[in-house]
Amino acid sequence: DKAVEILQAIKTKYEREMGKVRNRLPLHLGIVYAQRRTPLRAVLDAGRRMLKYELGQIKDNVWTVAEDAQVESLPTHQGTQFATTIHVQLTQNGRQLSWHVPAKMGDGNTPDNWYPYVFVQGDMSNRQLAFKAPRPKSDCKTEAGTLVHASQLKKGDEVYFTPATFDFQWLDNTGRRFEIAYDQNGKRRNHLTRPYLLDDLDQMQAAWDILQKLSKNQLYALRDTIEMKREAWFEEPQTSLTDKTFAQFCADVVANTKGITASDSAKVSRWAISGLLADVVQLYVSVMKQNQEQQTNNQEQAHEQ
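For the sequence shown, my numbering assigns the number 50 to the initial residue and increments by one for each residue that follows.
Among these hints, one or two may not hold up.
What the hints assert, rightly or not - Straight-line Cα separation of at most 27 Å, DSS-like style, residue types lysine-lysine; simulated pairs: (1) K293 <-> K236; (2) K265 <-> K190; (3) K153 <-> K265; (4) K153 <-> K190; (5) K265 <-> K51; (6) K307 <-> K262; (7) K153 <-> K203; (8) K316 <-> K60; (9) K108 <-> K60; (10) K278 <-> K293; (11) K69 <-> K108; (12) K278 <-> K262; (13) K262 <-> K108; (14) K181 <-> K153; (15) K153 <-> K62; (16) K236 <-> K181; (17) K236 <-> K62; (18) K278 <-> K203; (19) K204 <-> K316.
Stated by the list, open to error - Okay, the calculated beta carbon distance ranges per label pair: (20) E192 <-> R85: 49 to 57 Å; (21) A193 <-> A52: 40 to 48 Å; (22) T113 <-> L93: 35 to 43 Å; (23) G171 <-> K278: 39 to 47 Å; (24) K262 <-> I59: 35 to 43 Å; (25) L246 <-> K204: 19 to 27 Å.
Keep in mind that the hints were calculated from the coordinates and are not lab data.
This one's a predicted model, so the numbers in the text were calculated from it and none came from an experiment.
Glycine residues also receive a C-beta, built at the ideal position from the N, C-alpha and C atoms.
Given only the sequences and the hints, what does the whole structure look like? Please build it.
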């Protein structure tokens with residue numbers, strides 16, 4: 050039950066210490082959960098399958114800058130080198146990630162005008178810190194490209210960014226390890242959501258903070274109602290992400306679930322549509338047993354009172 054905490058610690062350290070090159074040196078993390086009697090060879094095989102994750106065409110993916118780069122302090126900074134960062138907010142097909150780029154060199158005073166550059170599409174001749182260079186492509190070839198300093202990024206810029214990801218698998222039986230396989234785009238075959246962006250880890254925790262208020266039966270009923278309908282309506286699950294009828298169905302199911310407030314309903318509906326809700330229930334309830342522990346603590350506190 051400590052795996053997610055370890056994952057969060059790795060995420061924090063990676064974002065802080067690799068911030069200047071995060072756009073081109075991604076990290077892929079994987080967690081394999083198993084019962085104590087699961088054969089070790091099955092667990093190791095699942096881990097090896099996760100290690101086969103390849104970037105593939107992800108290197109050619111383009112993200113859009115949501116707003117002009119801003120200089121700010123990183124909440125988790127340690128030392129003067131990380132006290133000041135350039136914050137870049139990126140979006141792609143409804144997904145979001147935050148890139149905090151250390152703005153100073155090791156002495157904490159000298160502006161870093163050498164390392165934090167990113168390839169950008171289009172004409173960047175009006176940017177002060179920019180130069181042309183060959184951009185490596187996913188097919189191992191190169192093309193003409195332009196590198197721009199992170200501080201010079203503007204809203205609407207389209208940048209090449211290879212994101213860090215994480216994946217997990219619950220081995221409720223040894224055959225589950227064969228479900229771990231990735232396509233040329235780095236996505237899990239026959240799985241809607243995984244692997245997740247490393248930034249999604251915070252969103253999963255935020256989702257659990259809301260969903261843990263529901264009972265175990267409520268959580269399973271909510272998940273199963275939505276996922277069974279997705280399976281029945283769509284031959285290709287990816288289609289459900291943009292289907293208005295399915296979105297309305299999810300919103301209605303969430304609205305009729307006792308314990309979800311009106312202010313949280315829209316967020317929970319989005320998580321239900323994306324498939325994140327189903328993974329949160331599996332991870333925190335089925336695997337980590339967090340819901341059972343939370344209810345036990347609540348019952349003990351109520352008894353003491």
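Hints, verified against the model:
As the CA atoms of K293 and K236 are separated by approximately 24 Å, the hinted pair is consistent with the 27 Å bound. For the given pair, K265 sits about 51 Å from K190 by alpha-carbon distance, which is inconsistent with the 27 Å threshold. Restraint check for K153 and K265: the C-alpha separation of about 48 Å exceeds 27 Å, so the hint is violated. Between K153 and K190 the alpha-carbon distance is near 33 Å, which puts this suggested pair outside the 27 Å criterion.
The straight-line distance between the Cα atoms of K265 and K51 is roughly 21 Å, inside the 27 Å bound, and the hint therefore holds. With a C-alpha separation of about 10 Å, the suggested pairing of K307 with K262 holds against the 27 Å cut-off. For the hint pairing K153 with K203, the CA-to-CA distance comes to about 20 Å; that is within 27 Å, so the pair holds. With a C-alpha separation of about 24 Å, the suggested pair K316 and K60 falls inside the 27 Å cut-off, and the hint holds.
A distance of roughly 21 Å separates the Cα atoms of K108 and K60; the hinted pair therefore holds under the 27 Å criterion. A distance of roughly 14 Å separates the Cα atoms of K278 and K293; the hinted pair therefore holds under the 27 Å criterion. With a C-alpha separation of about 17 Å, the suggested pair K69 and K108 falls inside the 27 Å cut-off, and the hint holds. Proximity of K278 to K262 is assessed by CA-CA distance (about 24 Å); at most 27 Å being required, the pair is judged to hold.
The suggested pairing of K262 with K108 is violated, with an alpha-carbon distance near 40 Å, which exceeds 27 Å. Taken as a hint, the K181 and K153 pair is honoured in the structure, with Cα atoms around 23 Å apart against an allowance of 27 Å. Between K153 and K62 the alpha-carbon distance is near 17 Å, which keeps this suggested pair within the 27 Å criterion. Restraint check for K236 and K181: the C-alpha separation of about 31 Å exceeds 27 Å, so the hint is violated.
Distance check on the hinted pair: K236 and K62 sit about 25 Å apart at the alpha-carbon level, within 27 Å; holds. Of the pairs offered as hints, the one joining K278 and K203 is violated, with about 41 Å between alpha carbons and a cut-off of 27 Å exceeded. Annotation: proposed proximity of K204 to K316 holds, straight-line Cα distance about 25 Å (limit 27 Å). Restraint check, E192 to R85: a C-beta distance of roughly 51 Å satisfies the suggested window 49 to 57 Å.
For A193 paired with A52, a C-beta distance near 43 Å keeps the hint of 40 to 48 Å intact. Look at T113 against L93: about 40 Å separates their beta carbons, and that is inside 35 to 43 Å. For G171 and K278, the Cβ-Cβ distance of about 42 Å falls inside the hinted range of 39 to 47 Å, so the restraint holds. The hinted window of 35 to 43 Å between K262 and I59 is violated, with their beta carbons roughly 28 Å apart.
A hinted range of 19 to 27 Å for the beta carbons of L246 and K204 is consistent with their spacing of about 21 Å.
Going down the numbered hints, you'll see the structure goes against 2, 3, 4, 13, 16, 18 and 24, while the others check out.
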